[in-house]
Structure formats: C-alpha cells, structure tokens
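Top line first, the protein sequences correspond to chains H and B. Okay, so the first sequence: first residue is 0 according to numbering that gives the first Met the number 0, each after it adds one. Okay, so the second sequence: first residue is 0 according to numbering that gives the first Met the number 0, each after it adds one.
Please note that a few of the clues may not be correct.
[Stated by the list, open to error] Covered stretches of chain H, going by a simulated chain B footprint (3 or more residues, C-beta under 8 Å):
no., stretch
1, 62-74
2, 225-238
3, 244-253
[What the hints assert, rightly or not] Calculated pairs, DSS-like style, for lysine-lysine (alpha carbon to alpha carbon, straight line, at most 30 Å):
no., chain 1, residue 1, chain 2, residue 2
4, H, 283, H, 29
5, H, 83, B, 190
6, H, 84, B, 255
No lab work stands behind these hints, which were simulated from the structure alone. Yeah, the Cβ is synthetic: ideal placement off N, Cα and C, and Gly gets one too.
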Amino acid sequence: MIKIAYTLVYYLTNTVDMIQINNLNFGYNKHSPLFKNMSMQLSAGHIYGLLGKNGAGKSSLLKNLAGLVYAQSGTLNVLGFDPKKRQPALLEQICFIPEEFYLPAVKIDSYIKANAPFYKNFDHDYFNDLIKEFDIPVGQKLINMSYGQKKKVIIAFGLATQAKLVIMDEPTNGLDIPSKAQFRKIMASALTEDRCIIISTHQVRDLDNLIDTVIMLDENDIALKASVEEITEKLTFKKVKEIDASIIYAEPSLSGFNAVMPNFHQEDSKLDMELLFNAILAEKNKFKPYFN
Amino acid sequence: MLLKRQWLDFGKIYFGVLIVLVGIIIAIYSYFIPTPKSGHFFDYDGNLDMRFRYGLFMLLGFFFISIIASGYYNNLGQKSRAILELMTPASTFEKFLAGIFYTAIVSVFSYLLVFYIVDAGFVKYLNSNLPAFSSTLNKKTSIKDVDGIFYEVINDANYLRYSRYFFVFPFLFTSIFLLGSVYFNRFHYIKTAMAVMIFTGIAGYIIYKIGYLLTQDMVSISIVSKEDSVLQSTFIVTLIITIIMWLITFIRLKEKEV
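Please model the entire structure based on the sequences and the hints provided.
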C-alpha cells in the first residue's frame, strides 16, 4: 500500500521526469566500463532516438532501464521504481521490444490469453486493430511467421499493453518498406502525454520525422541529448559547394558537401540525423558549446 | 495466471518427455514381465518375479524428474527467451514458486501416476493370465496374484519403514537440477551432473578423511541399534539440503541478468 501511495504521489508530483539516471556506472567487466558516471533525465510525452556506434552501449542502456542488467553503481529511477528489483508494478508499465526476440509455437489467440492478463490495461481492441493494420495472418502459428511478421506481433502486443514506458531496440530491423512507414505512423499515434518512447537504432532514416529528441552515446557517456527543435535552432544542415570556416563538419556528396554549421540566421533546415551522428562522433568538442 | 503462461513453453517439453517415459516403461515391462514360455519366473512361494520394477522405478524416476527440472529454466540461458521471461510482470518469488510447482510437484506426482497406471495395466494382464503360468510349468505350486508396485510398498511394513525416510530424495534431485538450470546457460543437465559428481566426490573424501582422523584411535561399534536415528538424520539432512538448493535457486533467479 505504501509503495502504491508513493507511486501515486510520484506520478502527481513528477510528471516531467519519468526516468532519472544518476552517476550510472556499468560494464560487463570491471576493467572496461561501458558507462562512466552517466546521468540523464527522460520525460513522458517524448519519443527519444537512441543512437551510437556498435558497442557504444545502446542496448545495454535499454537493458539497464528495464532491469535486465544491474549497474555497478549509481541510481536508476524508472516511474518511481528501482528497475533492478523487477517489481510487477513496474514490469507491467514497461513494453520492451528487444532486437532478438522469442515467440512460442502457439497462435496469436493463445499467446494473448496467456500473456495479456498480466497487463491490467491491455487493450484487446487496439491490439486487433494493430494486427489488422499490420496485415498479420491471425490463424497462423507465431513460430511459422516471418521475422518481420513476428516483430509486428510483438510491437502490437507491446503497444496494446498501454505501458507507460516503451523501449524498442532496433524495431525497424526486418520490416519491409511499407511496414516501416506503418511503424512510424503507429508509433506517432501511440505517443501520449504520459508515455515515454525510447527507440534505439542504426537505421536513422527509419526514424525521420518520428523522434523528437536525439540521445547519442559515445565514449562511455552521453555525447548529445537534445531535442530536434533545439538542434535545428542551433545548427543548420545544408548542401554547400565549398567548405568555409563557419562549417563545423562536412561530408562530400555528389553535388558538393553536406555540411553542419551554426544557425546564426535562424534558418529553417531539416535535421540530417546521419550527418549529425557522424559530425558528433568526429568533432565532439566543437559541438559542446552548443549543447550543454 | 503465471502457471498458465509458463505452461505454454514448459508444457511441450513436459509432454514430450512424458510420452517418451510412458513408451520406455511399457517397452521395459513388455520385455521383462514373466511369460508362461520363459523359465524361472516365480519363487518358491509362487510369487511371479517382478523385481525388475524397483530398479526401473527408481532409475527412470531419477532421469524423468531430473530432466524436467533441468529444462525448466533453460530459457534463461537464451538471450531472447530470457528477456521475455524476466520482463513478465510477476515477482521473482512467484516465478520461483511456479518453477517449484512444475518441477517438484507436477513432475514427481505425474511420474508416480504414470508408473502406477502402466504397472496396474500389466498387473491386471498378468493376473488375468495366471492359469496359463500354472498349467505350463508347475502344477504343484499355485501362482499367487501379482500386486501393484505401490500396493506392495504401502502394505509392507518393512518397505514402508525404510522408504519413508527417503521421500525427500526426489525433491532433492529436482532442487539440484533446478538450480543447475538457472545457474548454467547451456548444457544444463551434463554440467549439473558433473558438478554434483565432483562436489559429492570431494565432500565424500573430506568427510571420510575427517572421520578417519577423528576416530583413528577409537574402537568401532555397530550402529545397527541406532538405525532409526541414522535414517532420521538422512531424512533431515536431505530436507535441509533441498531447502538450501531452492533458496540458492531463488537468489540466482533474482540475480539473473541478460
């Protein structure tokens, strides 16, 4: 009862920060830490895009948030709970879609009957709508479905749980082109004021126009955490013929260079996430003055 | 709710092993039960030779319950399945209790039931064919009705006196193999069996050495008169080890990472 009351008070008073990470130290062995004193707050009502090189720790960060791995030190607070305790009250508020997943050799109906009762807010109608939208053959056993179809089932199930925290690790892997568009549409409509969505991906173009905040991991810490609005306010992404001193980072392209430069004149430009990603990795220190 | 969900995965393995088990019991019974054509099938009192049942019961029972227990948490050794398992909104204690329910209760009692049914079937068959035994080989000795294996144990005071002290053994085996299934990520059965052999070997050697050092200048006496206390100690030690194994399993389950 005390815990429930605490959680209720937490929701009423802390609607902003859904996740608080303080001085997180984590690694798979003590000699090579993956995160050193990482701190960050994530809020409800946002879709965060988690980017980073291979081995930067994207999946590990997501696993830390879900309580699937334990930090060496530091504190993690997810919806008022400590994830490492794996309390059912928290678990039913987390929808975790891993990159590699398993589905049993049963039909969708059986899967739902066995798993949906664990989530008291599970929306059966919404699940059926998503299954229809994804064009999933209902009568087929899950194990006989293609990887993409299985992924759609697991995404549909996860969203239908009405979990407040949606964590997705490479969700667009295995989805065909129309499905990726469907995925973006569904995820955009799934965002509510009390929901926080974190998507880790290498396929940055799949998340175009979907994420509103970029989190970039590099060298054991967060290299960048900024909203798309903030990024495009401070930086501009342009195609230029020649490189000049104002350009922070540029990559050669067919018609010149794709460049990132300070947005001195408040120009409107579309965030090129791939370019930004490469720019941050290459010139991290040059971007530090723009994003604290 | 959790039991129902766990059954989705566990049920298939369980039924698979159970079907194989029934097949093995039937095959071995069919091969070893006395037939009128075979010789030396009864003793001087006219009891048909059904002794093979005891060894079969214990050996198959050990393999069945240990295989079931060893496979219960094997999904925790696979990343994708472990995520699904650990993210299921139920407490670690509930998940642990579900494991105990399936491995210690369902597997042990279903084994007893299956063995009882198959044994009863063969016993009924033999009893309905007793005249054939009498007429073919020995007309002087009357062949007695065959009793079911459990009926023999329950109705024989001597059997019951000894066997009641060993009732915890099946739970000890399941607790050890359940711990192995959560401790090791792959090859749970082999690794658990190896670990048990090494551990019991070392522990046995140490106990023998300590016992020898402590008693080398003493006179040995028979402990037959204290047989009951030895059996009671066996019962208590087995029970304590079983509980410790379950406790460690729970802790390992709580600490499990993906």
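message = Please verify the coverage claim for the stretch 244-253 of chain H: does it have three or more residues whose C-beta sits within 8 Å of some C-beta in chain B?
response = violated (count 0)
key: Agreement of residue 283 (chain H) and residue 29 (chain H) with the hint, judged by alpha carbon distance not exceeding 30 Å   = Answer holds: residue 283 (chain H) to residue 29 (chain H) is near 26 Å, not above 30 Å.
ask   = Within the stretch 62-74 of chain H, is the number of residues with a Cβ closer than 8 Å to a Cβ of chain B three or more?
value = Since three or more residues must qualify, the claim that chain B covers the stretch 62-74 of chain H holds, with 6 doing so at under 8 Å.
ask   = Within 30 Å, alpha carbon to alpha carbon, are residue 83 (chain H) and residue 190 (chain B)?
value = holds (28 Å)
query = Counting residues of the stretch 225-238 of chain H whose CB is closer than 8 Å to a CB in chain B, do you get three or more?
reply = As far as the stretch 225-238 of chain H goes, the hint is violated, because 0 residues have Cβ atoms under 8 Å from chain B.
inquiry  = Need the status of pair residue 84 (chain H), residue 255 (chain B): alpha-carbon distance at most 30 Å?
reply    = Satisfied, since the Cα-Cα distance of roughly 11 Å is no more than 30 Å.
Hints 2, 3 from the list above are not met by this structure, while the remaining hints are.
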